[in-house]
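Visitor: Here is how the chains run, residue by residue.
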Amino acid sequence: MFAQLTDWYPVLLSVRVAVIATVVVTCLGLPVSRLLARGEFFGKDVLEAVITLPLVLPPSVVGYGLLILIGKNGLLGKMLAELGVTLIFTWWAAVIASTVVAFPLMYQSAKAAFKSVDINFEKAARTLGASELRIFFTITLPLAWPGILAGLVLTFARALGEFGATLMVAGNIPGQTQTIPLAIYFAVGAGKNEMARTLVAVITVFSFIVIYWVNRWAKKHQN
Amino acid sequence: MLTTRINIFQGVFWLIFILITIFLVVLVGGLLFYGKWAAFVSVIHHPEFHFAVVFTLWTSLLATALAAVVAVPCGFILSRYSFPGKVLIDTLMDIPIVLPPLVSGIALLILFGPVLGDALARLGMDIVFSTRGVVVAQWFIATPFAIRTFKQAFDSIDPRMENVARTLGYSPAGVFVRVTVPLAKGGILGGLTMAWARALGEFGATAMLAGITRLKTETLSVAIFLNMSIGDIQFAMATAVIMLLVALLLMIAFKVFAGTGVRL
Amino acid sequence: MKKIFVFLTLMLFVVGAVAGCGGAKEKVELTVSAAASLQDVTGELKEIYEKQHSGVTITYNLASSGALQQQIEQGAPADLFISAGKSQMDALAGKGLIVDSSRKDLLGNELVLVAGKDSALTGFEGLTDASVKRISTGDPDTVPAGQYAKETLTSLKLWDQLQPKMVPAKDVRQVLTYVETGDVEAGLVYRTDAAISKDVKIVAAAPAGSNKPIVYPMAVIKSTKNQKEAEAFAAFLQSDDAVKVFEKYGFKVLK
Amino acid sequence: MNQDLLEACALTVNVGKFSLKNIGFSMGPDDYVVILGPTGCGKTVLLESIAGLRLLNGGALFLSGKEITHLPPERRRLGFAYQDSLLYPFLTVQENILFGARARGLKEAPEMRRRMAYLAETMNITHLLGRYPRFLSGGERQRVSLARAILTKPPLLLLDEPLSSLDRQTRHATQELLREIHLAEGIGIIHVTHDFSEALQLGSHMLMLHNGQVEQAGKPRDIFFHPATEFAAKFLHGENLIPGKVVGREGKLWFEHGGDILLGPLPECCLPKGLSPAGNSLTMFIRAGSIRLSRAGEAPAANSWSALISDVIINSTHVDVYCHGNGSSWQSSLSLAEWQGLDLSRGERVRLSVDPEYLHVIPQ
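Protein sequence lines, in the order shown, are assigned to chains Y, Z, U and H.
Count along the first sequence from 1, then add 4; that gives the number in our numbering.
Count along the second sequence from 1, then add 10; that gives the number in our numbering.
Count along the third sequence from 1, then add 5; that gives the number in our numbering.
Count along the fourth sequence from 1, then add 85; that gives the number in our numbering.
Simulated from the structure, these hints should not be mistaken for laboratory data.
Glycine included, every Cβ here is placed at the ideal spot set by N, Cα and C.
Worth double-checking, as some hints may not be accurate.
[What the hints assert, rightly or not] With a Cα cut of at most 27 Å, we get these calculated DSSO-like pairs of lysine-lysine:
(1) Y/Lys196 x U/Lys227
(2) Z/Lys195 x Y/Lys127
(3) H/Lys102 x Y/Lys223
(4) U/Lys233 x Y/Lys82
(5) Z/Lys96 x Y/Lys223
(6) U/Lys233 x Z/Lys226
(7) U/Lys100 x Y/Lys196
(8) U/Lys138 x U/Lys203
(9) Y/Lys196 x U/Lys109
(10) Z/Lys195 x Y/Lys223
[Said to hold, decoys possible] Covered stretches of chain Z, going by a simulated chain U footprint (3 or more residues, C-beta under 8 Å):
(11) 216-225
(12) 240-251
[Stated by the list, open to error] Here are a few chain H residues that sit away from chain Z, every Cβ distance over 10 Å (derived from the structure):
(13) Ser375
(14) Arg377
(15) Gln449
Okay, chain Y solo, but in the shape it has when bound (with noise of 0.2 Å):
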């Protein structure tokens, strides 16, 4: 029924890359959700659609679009060789790859999350002196925080399963680049189904436990 996991590097890889992946869109995702929940100018509707294409796309051309922009002779590639860095076929393009791929979703969780908080609060707050910054990471990140913890939950899912856009920028290096949803797919290709079935079962207890895990604590605090 299942194999002998002898080669424990994807797993290893694909946690790295997730949450690595997940750290950065939230970092990223939320000064822009919350830029965007609050603010009112021309072309928002435009913005917010053009921040959740990569969604929309199969993953396999985002990787194409990100093939022409991180690869050697990309736009960005090239401006990052003169720098000595290298991205195409390192699992860091696996990091940007799910980064990619996962935004959106933390960006529509935190969106609605910010959106629901009650705008009173924050504005309590200034008139008692806190600065911007202190507002944020005192008031509005707590009020919003089981919305975000929803989209962490979503990143970190979507990060973990990413294969298309992975297996374009990152390329399917053993050793290297092959992470879990790689090394399935090629097994699966390969008909040793027993190592694919024993890859999927890792992949999903394993965030079994960190979603339980999550779903748990979240519940915890909720009261």
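Fit chains Z, U and H to the supplied structure of chain Y, relying on the hints for placement.
Guide: Below, chains Z, U and H without anything else, positioned relative to chain Y:
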């Protein structure tokens, strides 16, 4: 002093915001300009493209509607009721997001092939290699996003808001329609957008369950795959870009459509 | 909010109407699961065949050979399978899912070394050069082209040496994309695929005998309800009419 | 006797580990009942149970003689308003007020329109009708919330801390409004609060809750001066709670504290019912305002004792003097005029005295 602090804070936010926007615009722009303009024209006039657009729109919208039908009660129950194993089930509903689409596709293939295939065939409801399969696959991929966001949206409602409506004469169903849903509107819209976007771009599970058949189960994602696999990258990318534009228009239309008259 | 519900209900209605349209068909519909790289050529053949046989509709299900194999193993309703590699067909034969007598090697192809248009690469021996940083082939375990590439490089005694440079791809198309964008300096693909791409050049063909013969086997699936029609179509694919079309696209037809 | 508006019989409600036990009371159509108690005593749970928002685990409810125990909230037709006004943000003020009419399909009915206009007029919110709640102040929101609750003329209005989120000025105005609603509309009110001054000012009846049980019920004034338990006394800011014994002397009952102080005779009315008090350890309850204070030189008299001033706190309306005597602390409140006439300061010896009619003992 106060003003400078505000400026630094907002400056950082705006900086990140602008960088992300530029990044995404360049990403999409790369696809746009890597192709040739002639390709766009030929894509727009191609009957296969017309089929794929219409097919994708109705399958993805149907999948989203079905996802909403499932996610509204699921999200509501997960948000409002307490029962043993609730966190476990809550977690279970997120798992399809983690699974690589190929695995989801195989799982669906097993379910609707060997397990349920005969029964469904007797009902004339074949799923495997049919257009229904496309909807099923998209629905399966999109639903967890809707459930999670809907639950979150229901969570953020003060139950006393609903209590007041009960005392004002509304039945539980009336409260749900008149109070709960309007209050959760932001989250529900966000969830629907996510689910729809995900259904729109779904490829792996669809390809596995519904097969990749020109002019039959050809969604835009499938069209992109088909054109890429015969080396017609120009055509594929033009399709992708037009797909983006269609999605963009629909999203904005949806927002305007749903947003009229109600301001939160 | 009410509007959204009205909208969704409307969608359901429309969709119900569309879904209800699939009435009974008198025509025989053949589902051919074929490797995705065959779609253009098989598309042309479909038109010819349907013109000759008005009672048959050919429907192609196109994906990578591995995915097609998976679908057939899970009982997906395919009638004929054209694989890009021998191993997928062997796997199905091993499970007794194909009509063994119908199995034929339909097409042949050739493995070539490709590089970017401006590449200075002249042959396989140049791959060890430091200027070649990355080489892409199909994944040797899953992609038939990758298997052949491994055989060729092994027989040239380059495989072990080139291992650190390798980027295994999920199909030939991905290899070509990498070469086109310049992210890898060289790749090994089929001649038919290399011919389509305008941004790559063929540097060299794999030396004769360096890999097992590249064949595209086909077979009728055992669970088919249209065995007669499937066999008839298989015979057509080997007819002279079909050979002309295959050769137009650069395939070798095996008899 | 008039028919009761609401009769609650032995209500029991379990909420997790907390439970409301055996609550019974009744009120007439003209009553303004205040339910008083500290946070977590079950006030809100009781109110929600009456409204039908929580299932009863036991007991029965009757509204105007009809049993409503098993009716869902929407069929009880009671008015209800929470502490934070909880207006619907997606509706204008007018739509919020008409929300209850909409439930009955009467949103466009002329009598409802007239009623809304009338309520808006009396509550001074006519100019706000077209606005969305987020543009309203706290007091305005609360008035809209009240208008919404009484639009369809419910016989009974349930209010959960309606004043506690308001500032002092708004609170006073809203208090007036509540009184007016009660009198002019003829609506019975049950008003939950933790503030006993609110209870004293508004309530015709009071129900004090503690740990899910009725601690004491009665007229607010009676409870204020004659709390039945030590908890009630403390919660009503009882200043002097002095332990001691009740002793019988000359056919009367007296309160003895520490051997030196003998207060009495105790008035009959203030003794705990059903208790043979003599010899029992009890607690003496005296309001600070009932204790008089004089200079130490005056001759000892009945119901007086000597003490040392330990602290003096001067307020704008009165002066609180804290004393120490006979091993106990005493608090006396003086008017500013009295205080000026006495001219005392910390450390001085004084004589405290109390009129026997202000004595009240409670079981320990």
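Visitor: All the hints need checking, so say for each whether the structure fits it.
Guide: Structure-based check of each hint:
Using a Cα cut-off of 27 Å, the hinted pair Y/Lys196 and U/Lys227 holds, with the two alpha carbons roughly 23 Å apart. As the CA atoms of Z/Lys195 and Y/Lys127 are separated by approximately 24 Å, the hinted pair is consistent with the 27 Å bound. For a cut-off of 27 Å, the pair hint linking H/Lys102 to Y/Lys223 stands: about 18 Å separates their Cα positions. For the hint linking U/Lys233 to Y/Lys82, the alpha-carbon distance of about 58 Å lies beyond 27 Å, and the restraint is violated.
Taking the CA atoms of Z/Lys96 and Y/Lys223, the gap is near 10 Å; set against the 27 Å cutoff, the hint holds. A C-alpha spacing of about 24 Å is found between U/Lys233 and Z/Lys226, which places the hinted pair at or below 27 Å, so the restraint holds. Using a Cα cut-off of 27 Å, the hinted pair U/Lys100 and Y/Lys196 holds, with the two alpha carbons roughly 15 Å apart. Only pairs whose Cα atoms come within 27 Å are accepted, and U/Lys138 paired with U/Lys203 is accepted, the gap being roughly 22 Å.
With a C-alpha separation of about 26 Å, the suggested pairing of Y/Lys196 with U/Lys109 holds against the 27 Å cut-off. With a C-alpha separation of about 23 Å, the suggested pairing of Z/Lys195 with Y/Lys223 holds against the 27 Å cut-off. Residue count for the stretch 216-225 of chain Z with a Cβ under 8 Å from a Cβ of chain U: 6. That meets the three needed, and the coverage hint holds. Coverage of the stretch 240-251 of chain Z by chain U holds in this model, with 4 residues showing a Cβ closer than 8 Å to a Cβ of that chain against a need of three.
No beta-carbon of chain Z is positioned within 10 Å of the beta-carbon of H/Ser375; the least distance is around 42 Å. Under the 10 Å C-beta cut-off, the non-interface status given to H/Arg377 relative to chain Z holds; the minimum distance is some 48 Å. With 10 Å as the threshold on Cβ separation, the claim that H/Gln449 sits away from chain Z holds: the shortest Cβ distance comes to roughly 40 Å.
Of the numbered hints listed earlier, the single one contradicted by the structure is hint 4.
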